[in-house]
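*Asks:* Single-letter residue listing:
Protein chains: 2
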Amino acid sequence: MQNRQITIAELPTDALTQAHFSLLETDMPVAGDGQVLLRVILMSIDAANRSWMKGATYRAAVQAGDAMPTYAICEVVDSNSPEFEAGDIVAAEATWSEYVTADARKVEKLPKVETLSHLMSVYGIAGKTAYHGLLSVGNPVAGETVLVSAAAGSVGGYVGQIAKALGCRVVGIAGGPEKCKWVEDALGFDACIDYREAGLSKKLAAACPNGVDVYFDNVGGKILESSLNFMNEKGRVVCCGAVSQYDTEAPAGPRNLPGIIVVKRLKMEGFIVMDFAHDDAKCIRAMQHWVATGQIKVTEDIVDGLENAPQALIGLLAGENKGKRMVRVAADPS
Amino acid sequence: MQNRQITIAELPTDALTQAHFSLLETDMPVAGDGQVLLRVILMSIDAANRSWMKGATYRAAVQAGDAMPTYAICEVVDSNSPEFEAGDIVAAEATWSEYVTADARKVEKLPKVETLSHLMSVYGIAGKTAYHGLLSVGNPVAGETVLVSAAAGSVGGYVGQIAKALGCRVVGIAGGPEKCKWVEDALGFDACIDYREAGLSKKLAAACPNGVDVYFDNVGGKILESSLNFMNEKGRVVCCGAVSQYDTEAPAGPRNLPGIIVVKRLKMEGFIVMDFAHDDAKCIRAMQHWVATGQIKVTEDIVDGLENAPQALIGLLAGENKGKRMVRVAADPS
Chain U
1 MQNRQITIAE LPTDALTQAH FSLLETDMPV AGDGQVLLRV ILMSIDAANR
51 SWMKGATYRA AVQAGDAMPT YAICEVVDSN SPEFEAGDIV AAEATWSEYV
101 TADARKVEKL PKVETLSHLM SVYGIAGKTA YHGLLSVGNP VAGETVLVSA
151 AAGSVGGYVG QIAKALGCRV VGIAGGPEKC KWVEDALGFD ACIDYREAGL
201 SKKLAAACPN GVDVYFDNVG GKILESSLNF MNEKGRVVCC GAVSQYDTEA
251 PAGPRNLPGI IVVKRLKMEG FIVMDFAHDD AKCIRAMQHW VATGQIKVTE
301 DIVDGLENAP QALIGLLAGE NKGKRMVRVA ADPS
Chain S
1 MQNRQITIAE LPTDALTQAH FSLLETDMPV AGDGQVLLRV ILMSIDAANR
51 SWMKGATYRA AVQAGDAMPT YAICEVVDSN SPEFEAGDIV AAEATWSEYV
101 TADARKVEKL PKVETLSHLM SVYGIAGKTA YHGLLSVGNP VAGETVLVSA
151 AAGSVGGYVG QIAKALGCRV VGIAGGPEKC KWVEDALGFD ACIDYREAGL
201 SKKLAAACPN GVDVYFDNVG GKILESSLNF MNEKGRVVCC GAVSQYDTEA
251 PAGPRNLPGI IVVKRLKMEG FIVMDFAHDD AKCIRAMQHW VATGQIKVTE
301 DIVDGLENAP QALIGLLAGE NKGKRMVRVA ADPS
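Those sequence lines, one after another, are chains U and S. Counting from 1, one number per residue, gives the positions in the first sequence under full-length UniProt numbering. Counting from 1, one number per residue, gives the positions in the second sequence under full-length UniProt numbering.
Looking at chain U on its own, in the form it has when it is part of the complex (with noise of 0.2 Å):
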């Protein structure tokens, strides 16, 4: 039996091709002692594939050889640790395979539900990033106003149904007028601005008369530029990501800044999700109400076959996506 494995081919140094990639066929992994055999079901696809490409981050960089790094739910397959048996769930840091092996010491179980990909959007790291993130470090109140970029990708879709959930008027930003338009009318944005469009500026000061309390900032760079023009006093700055600038060995900073943080008194401030894993349980709690309510719609965009995940991750850079994306390299244990 035989395992499928993507692996980086070559590191890039601009935009990302299916070039950087190569599909390889090797030997089934064992499971040595201590560890785990995993069959990959779902793979998490994340702008932070590109930027672990780039070098160090909160991880080692990857380098060229290596099979890409992924956040994947997976079921045991074969296990030599009394924690784990065959047929569990559990999630890993698994690489872009069928098969891989873990240490059991660093696999989480999962609880059995109906639908697995939930475990990876609403209540998963996309839902649990916007949930900690805008409620942590934003910490927006009933009355004023929440900008979200990227606000048709994983992330920011929760981020701006959470923030009307609390009562906040909610503007996104998103590339076209297709995902503008759902994002307004599937997920009850108040407002969803096209960048690709000229007039960022006007578009948000249109938007948000009463200026931006809180932004949630995914993508850096231009759209972080204009953002912070808008930023009322005391304003705060959620800092999740910066996907404009990881494809791109050119990445612009924000002319503007330090010099309106100062006058408005501004806090940015940067979260990674884990930070907050001692609050998972109050978030899963929140987002099963709003789930509930109808408040939340769980956004998925699910990609099938491993070897569609280079251009799945490629797409994503490219904004194609409408919520939460992921590669489904097999399908849920029934």
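These aren't lab readings, by the way, just hints derived from the structure by calculation. Warning: the hint list may mix true and false statements.
No distinction is drawn between identical chains; accordingly, a pair holds when it is met within one copy or between any pair of copies.
With a straight-line cut-off of 20 Å between C-alpha atoms, the simulated SDA-like cross-links for lysine to any residue are [unchecked claim]:
id	residue 1	residue 2
1	234	273
2	234	67
3	54	260
4	106	277
5	181	311
6	234	59
7	222	256
8	222	81
9	222	77
10	54	314
11	164	141
Since the model is a prediction, treat every value here as computed from it, not as a measurement.
Following the hints, position chain S against chain U.
*Replies:* For chain S alone, coordinates are given in the frame of chain U:
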């Protein structure tokens, strides 16, 4: 009796020069109802003067034809308010003038002290800015490393001395070998780096072997960009000013932001000293304690004569001052 004042002849579009100012002889102002007539003794010279010429900040923009606004220490000469009498020493929003009038309710009575300039340096806007920004925004703890730019400037020198008193490793950044030596020898910083020399990053690495926990930024631009690279996880960037960005129409943003804010979970926060006025009494008590123990040296840079105010500001923007710069318009009352 005539008054003299300095007005803006023309707003600068790039570097400030003497040609942007005019020295005028005007009639003596007369205090109206509820007003006081003030003799200006000391004027605070701040990089903020330059930023006010760029547009609205936390105050209305300064326009061509206006007398330059300034925070000043003054003596009451005539009063139409029951709150003040001739001879009172007050702080006021004045202009670059020998005499000004002011609404009595906007004027603050100052304590009688031996040396009025101390109310502008260590116990005034410079010391208070250093104290509130470092403690309330930066929140350093003994054993952490605090990096300060414009370390020989009015605020930076106090920031470093307070951080030393708290038990931190303190590294300054200043322009030129003479100022750096003064920061190390006179102010007791552990190290001071000359940003005008090549190799800023290498020098930061050498001076901050344990990374930087708090960066007190007075300058913005390239120094901010380089400093961000040395921040530790959960580091705090205190945004106090962006002097490198005021005197130019081509500001530069830190290109590594916001990616690095996310990866390192940094917090960048701006503040204005007036926001912390409720804590000024605590600040003054602490500064008096550290002055008494010798842990804080009072640093002042006093330029004599109203007519020298433009050059005092131009020189400040070029980084020529050591300690709090002010202009003496009249002698302290005996």
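*Asks:* Look at each hint and say if it fits the structure.
*Replies:* Now for the hints, and whether the structure bears them out:
1. 234 <-> 273: between (24 Å within a copy, 14 Å between copies)
2. 234 <-> 67: neither (44 Å within a copy, 30 Å between copies)
3. 54 <-> 260: Intra 29 Å, inter 12 Å, cutoff 20 Å: inter-copy only.
4. 106 <-> 277: Classified as within: same-chain Cα gap 15 Å, cross-chain 50 Å, threshold 20 Å.
5. 181 <-> 311: neither (25 Å within a copy, 57 Å between copies)
6. 234 <-> 59: between (32 Å within a copy, 16 Å between copies)
7. 222 <-> 256: The answer is both: 10 Å in one copy and 13 Å across copies each meet 20 Å.
8. 222 <-> 81: Neither, since 50 Å and 52 Å both go past 20 Å.
9. 222 <-> 77: Classified as neither: same-chain Cα gap 47 Å, cross-chain 53 Å, threshold 20 Å.
10. 54 <-> 314: Answer is within; shortest intra-copy Cα gap is 15 Å, inter-copy 42 Å.
11. 164 <-> 141: This pair counts as within: shortest intra-copy Cα distance 10 Å, inter-copy 39 Å.
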